[in-house]
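Participant: Line by line, the protein sequences give chains A and B. 1 is the number of the first residue of the first sequence in our numbering; add one for each residue after it. 1 is the number of the first residue of the second sequence in our numbering; add one for each residue after it.
Hints were generated in silico from the structure; no laboratory data involved. Some clues are possibly wrong.
Said to hold, decoys possible - Okay, derived cross-link-like pairs now, BS3-like style, lysine-lysine, Cα gap no bigger than 30 Å in a straight line:
hint, chain 1, residue 1, chain 2, residue 2
1, A, 303, A, 55
2, B, 114, A, 261
3, B, 7, A, 18
4, B, 194, A, 147
5, B, 12, B, 172
6, A, 55, A, 18
7, B, 114, A, 18
8, A, 149, B, 114
9, A, 71, B, 12
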Amino acid sequence: MGKFKKTLAEREQILAYKLLFPSFLIMLLIAAYPLFNVFYTSFTNKRFASTVKTKVIGLKNYQKLLSVTIKKLENENQSSREVLPKKPIRYKELKRFNIGNTHYVIGASDPDFLISVGNTIYFTLWSVLLELIIGLIIALVVNSNFKGKGPMRAIMLVPWAVITVVSARIWEWMFKANRTGLFNTVISNLGLGDGQASFLTDQALQLPAIIAVDVWKTAPFMALLLLAGLQTIPTSLYEAARVDGAGPIRQFFSITLPLLKPTIAVALIFRTLDALRAFDVFQVLLADRRYSMASYNYTQLIKYKNMGMASAIGVIIFIIIFGFAIGYIKFLGVDAND
Amino acid sequence: MINKETKKFLNKLLLYILVIFIAFYMLFPFWWAVVSSFKNEAQLQMVPATFLPRDPVTNKIFFDLKNYRSIFNDGTFLRGLLNSTIVATSVTLLALAVGSFSAFALGKLRFKGKNASLYIILAMTMFPQVTVLTGLYAVINALRLPAMASMILSYMLFTLPFTTWVLTSFFKELPVELMQSAQVDGATPFQSFKYILLPLTAPALVTTGLLAFIAAWNEYLFALTFTSIEPSARTIPVAIALFTGAVSRQEPFGEIMAAAVIVTIPIIILVLYFQKRIVAGLTAGAVKG
């Protein structure tokens with residue numbers, strides 16, 4: 001009996017490897033070299049589409065991207081150029097702050113990159129949170145019984161079905177800074193403003209605007225995944241809960257939410273990964289006015305031809321994404337072995 | 001104290017209000033695209049914007065079909081639709097097939113290196129597309145693949161991890177007893193996968209398939225790169241992005257909106273067709289038995 005069990009386990013293991021083989025073959029074919037290439041290039045000064053000879057320069061790209069320093073200012077109005085070091089790398093002002101009456105300036109050798117990291121993380125946290133809430137509400141509504149739920153399930157996917165680049169253009173068109181745009185027309189019709197709000201150039205409105213676009217666009221993705229998760233919860237559990245006298249809110253927190261956790265975890269991971277790599281929306285709507293990590297990466301590669309630098313940005317994005325993914329996996333407990 | 005009937009009625013009312021609210025939220029930008037697609041240049045520039053296409057002079061409702069005529073007269077648009085259909089369908093089928101194999105192994109079988117495999121598959125999709133583009137281009141060139149095949153393979157970078165992870169979580173949810181009882185009946189693990197577990201995940205397969213299909217249908221950057229020397233293989237996002245206005249240097253917003261409407265319709269039909277499968281509720285019965 002013991003021997004039989006062991007061979008069964010062995011056979012299971014072999015079957016598992018056989019089943020994983022196609023995935024790993026595809027990965028080896030298309031992912032291995034490009035990913036290795038990114039790591040290697042990030043340590044060089046390689047130029048994009050150029051004949052200049054490539055040299056290995058070690059960690060210089062990373063140093064350029066990540067160097068930060070804090071200096072004391074003599075007074076509030078002092079120019080940061082007087083205090084920030086210029087050698088071996090030049091620092092530019094990132095932000096000022098004060099503790100008590102002492103003023104400080106934070107300098108960075110590439111403030112645009114650090115700002116893009118901040119933009120992306122702010123964008124990611126807000127859009128994923130809002131998508132989760134809206135997606136969950138939509139999934140719960142669509143999962144309940146009512147007339148016309150078939151068409152409703154198609155309607156709910158429309159935003160996700162509109163091509164990303166095109167949906168960014170639709171919103172760009174709605175965001176127009178005068179009353180040819182939908183929002184400004186509505187705002188002025190309601191008497192809430194002068195109809196001149198420039199959503200895409202006003203610093204304070206840029207990120208909220210882009211979060212609104214992304215939430216609209218991808219809440220359906222979340223909703224559909226969560227709907228599929230809701231489907232796997234046996235209805236008998238709800239019947240039992242009802243017999244025990246549990247109300248809908250109690251049912252939601254003690255049945256729906258715990259059983260939906262694995263689906264929520266997977267949906268969160270993929271949405272967060274996507275949001276941290278957000279490119280299309282930023283590039284189309286804000287271009288050079290405000291960067292996400294990925295659109296800054298694109299700018300470095302295409303506009304400045306700094307391929308080494310762009311690769312280093314790619315690696316940093318990878319590390320940030322990896323950190324988020326591990327955090328989620330540990331926090332939500334979706335490891336394979338449980 | 002409200003009686004049961006009123007309470008039921010109020011619940012129903014609340015539900016319908018929510019439904020209408022959600023439908024409005026999901027549709028208003030698309031509705032704006034539809035309205036804009038029926039406007040010509042003069043109508044698009046009217047201040048304030050009109051909620052239905054109107055004639056700038058008489059202010060009467062007037063739908064201009066010129067944008068639709070011009071995209072259908074443009075061969076690249078229809079060609080793009082066909083290309084996108086081929087690419088997205090192949091990507092979906094390949095990712096589902098390969099992904100469900102892996103997901104079964106990761107969700108239901110015991111073997112060494114399980115967590116590592118799960119993470120390696122996920123790590124594939126952690127780099128921004130721009131960064132892997134040059135390396136990927138080199139690989140595609142070395143393999144001498146035509147543009148269509150290049151797109152199908154390279155889209156695996158984001159569809160394969162997604163389908164594998166989602167399906168893994170669904171396979172894990174299926175009760176172990178199902179597989180055990182099949183094995184007692186003499187089925188090999190692969191047979192119990194093929195005949196018992198796979199059909200039970202049909203709703204999950206359709207859901208992930210749809211999401212993967214749309215992601216592939218949407219992809220722009222890889223498509224732009226890989227079709228640069230083979231314009232006949234251009235997919236729909238690339239074709240739309242390369243629209244040039246009839247009037248030079250003017251952005252053809254009306255045409256872009258018309259194209260957006262046309263390419264969204266097939267997806268809506270697809271969803272309507274599959275929506276019953278998405279919510280087949282097959283597993284609910286299986287868990288009990």
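Participant: Hint by hint, note whether the structure agrees.
Facilitator: Verification of the hints:
1. 303/A <-> 55/A: Holds - the C-alpha atoms of residue 55/A and residue 303/A are around 21 Å apart, at most 30 Å.
2. 114/B <-> 261/A: Satisfied, since the Cα-Cα distance of roughly 21 Å is no more than 30 Å.
3. 7/B <-> 18/A: 56 Å, violated
4. 194/B <-> 147/A: 35 Å, violated
5. 12/B <-> 172/B: 35 Å, violated
6. 55/A <-> 18/A: At roughly 42 Å apart (the allowed maximum being 30 Å), residue 18/A and residue 55/A break the hint.
7. 114/B <-> 18/A: Measuring from Cα to Cα gives roughly 13 Å; hence the hint holds.
8. 149/A <-> 114/B: Violated. Residue 149/A to residue 114/B sits at ~39 Å, over the 30 Å cutoff.
9. 71/A <-> 12/B: Distance of about 62 Å is beyond 30 Å: violated.
When held up to the earlier numbered hints, the structure conflicts with 3, 4, 5, 6, 8, 9 and fits the remainder.
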